[in-house]
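*Asks:* Listed below, chain by chain, are the residues.
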Amino acid sequence: RKEVEQDPGPFNVPEGATVAFNCTYSNSASQSFFWYRQDCRKEPKLLMSVYSSGNEDGRFTAQLNRASQYISLLIRDSKLSDSATYLCVVTSPGGSYIPTFGRGTSLIVHP
Amino acid sequence: EAGVVQSPRYKIIEKKQPVAFWCNPISGHNTLYWYLQNLGQGPELLIRYENEEAVDDSQLPKDRFSAERLKGVDSTLKIQPAELGDSAVYLCASSPSGLNTEAFFGQGTRLTVV
Chain A
1 RKEVEQDPGP
11 FNVPEGATVA
21 FNCTYSNSAS
31 QSFFWYRQDC
41 RKEPKLLMSV
51 YSSGNEDGRF
61 TAQLNRASQY
71 ISLLIRDSKL
81 SDSATYLCVV
91 TSPGGSYIPT
101 FGRGTSLIVH
111 P
Chain B
1 EAGVVQSPRY
11 KIIEKKQPVA
21 FWCNPISGHN
31 TLYWYLQNLG
41 QGPELLIRYE
51 NEEAVDDSQL
61 PKDRFSAERL
71 KGVDSTLKIQ
81 PAELGDSAVY
91 LCASSPSGLN
101 TEAFFGQGTR
111 LTVV
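Line by line, the protein sequences give chains A and B. The opening residue of the first sequence carries number 1 in this note's numbering; numbering runs sequentially from there. The opening residue of the second sequence carries number 1 in this note's numbering; numbering runs sequentially from there.
Just chain A, same shape as in the assembly (with noise of 0.2 Å):
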């Protein structure tokens, strides 16, 4: 089992649609979670940290759920520049602490 786990999608949304995106990760002890943005042919970028009580950032929100072991994000108001690629990324410790990357979730935003 992979230590971070997401659905590659393609989720095929229409502007304005809500849609939310969960990631599972295996390790109980992990303490730091991320939502990544990845632009086609670009670097990650962060889009939020993740915290216990959740957070909100204009159209994006990010929850943590620790007894399941899942994050998700949910984005309001799709636009077209949300197309892009989302990675789920925990860090979890062991030594030293590792950002451990989920293989990503594709959306796509259509007219």
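Because the hints were derived from the structure by calculation, they are not lab data.
Just so you have them, the derived chain A footprint on chain B, three or more residues with Cβ under 8 Å:
{"id": "1", "stretch": "42-49"}
{"id": "2", "stretch": "106-114"}
If you anchor each label on the Cβ, the simulated ranges turn out as follows:
{"id": "3", "chain 1": "A", "residue 1": "P111", "chain 2": "B", "residue 2": "S97", "range": "40 to 46 Å"}
{"id": "4", "chain 1": "A", "residue 1": "K45", "chain 2": "B", "residue 2": "P8", "range": "19 to 25 Å"}
{"id": "5", "chain 1": "B", "residue 1": "S97", "chain 2": "A", "residue 2": "Y70", "range": "27 to 33 Å"}
{"id": "6", "chain 1": "B", "residue 1": "E50", "chain 2": "A", "residue 2": "Y51", "range": "23 to 29 Å"}
{"id": "7", "chain 1": "A", "residue 1": "P14", "chain 2": "B", "residue 2": "W22", "range": "41 to 47 Å"}
{"id": "8", "chain 1": "A", "residue 1": "K42", "chain 2": "B", "residue 2": "K16", "range": "28 to 34 Å"}
{"id": "9", "chain 1": "B", "residue 1": "R64", "chain 2": "A", "residue 2": "E56", "range": "43 to 49 Å"}
{"id": "10", "chain 1": "B", "residue 1": "V5", "chain 2": "A", "residue 2": "P93", "range": "29 to 35 Å"}
{"id": "11", "chain 1": "B", "residue 1": "L84", "chain 2": "A", "residue 2": "P14", "range": "37 to 43 Å"}
{"id": "12", "chain 1": "B", "residue 1": "L84", "chain 2": "A", "residue 2": "A20", "range": "35 to 41 Å"}
{"id": "13", "chain 1": "A", "residue 1": "P14", "chain 2": "B", "residue 2": "G72", "range": "45 to 51 Å"}
{"id": "14", "chain 1": "B", "residue 1": "Q59", "chain 2": "A", "residue 2": "Y51", "range": "24 to 30 Å"}
Cut-off 16 Å, straight-line C-alpha distance, at most; resulting in silico cross-link-like pairs (EDC-like, lysine to aspartate or glutamate):
{"id": "15", "chain 1": "A", "residue 1": "K2", "chain 2": "B", "residue 2": "E44"}
{"id": "16", "chain 1": "B", "residue 1": "K78", "chain 2": "B", "residue 2": "D63"}
{"id": "17", "chain 1": "A", "residue 1": "K45", "chain 2": "B", "residue 2": "E102"}
{"id": "18", "chain 1": "B", "residue 1": "K11", "chain 2": "B", "residue 2": "E83"}
In this text, a Cβ means the ideal position worked out from N, Cα and C, and glycines have one as well.
Could you slot chain B onto chain A? The hints should help.
*Replies:* Structure of chain B alone, referenced to chain A:
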């Protein structure tokens, strides 16, 4: 402020040839990562440095891959000899030390082995 700089951006080599990638992290970032990313996959860690010390290189194929960060700043990743399966994007990232810190990525080096 300059971001993480990698060179070259693209490299095409024949199999069995050596190749090297260079990374200049963000000034002041003690932690440096080399990741490998295949098409349709997330980045996979090859090696992590804290200053000049390699603290996690368990995923680095040491028979052909080597890396160094001599003065705790710039880093190079080398493959010798390259194989067809090494074709991928090699990403360098840096971050301040600490658990809840963002990793900043360079634009990557796209390697094609023919």
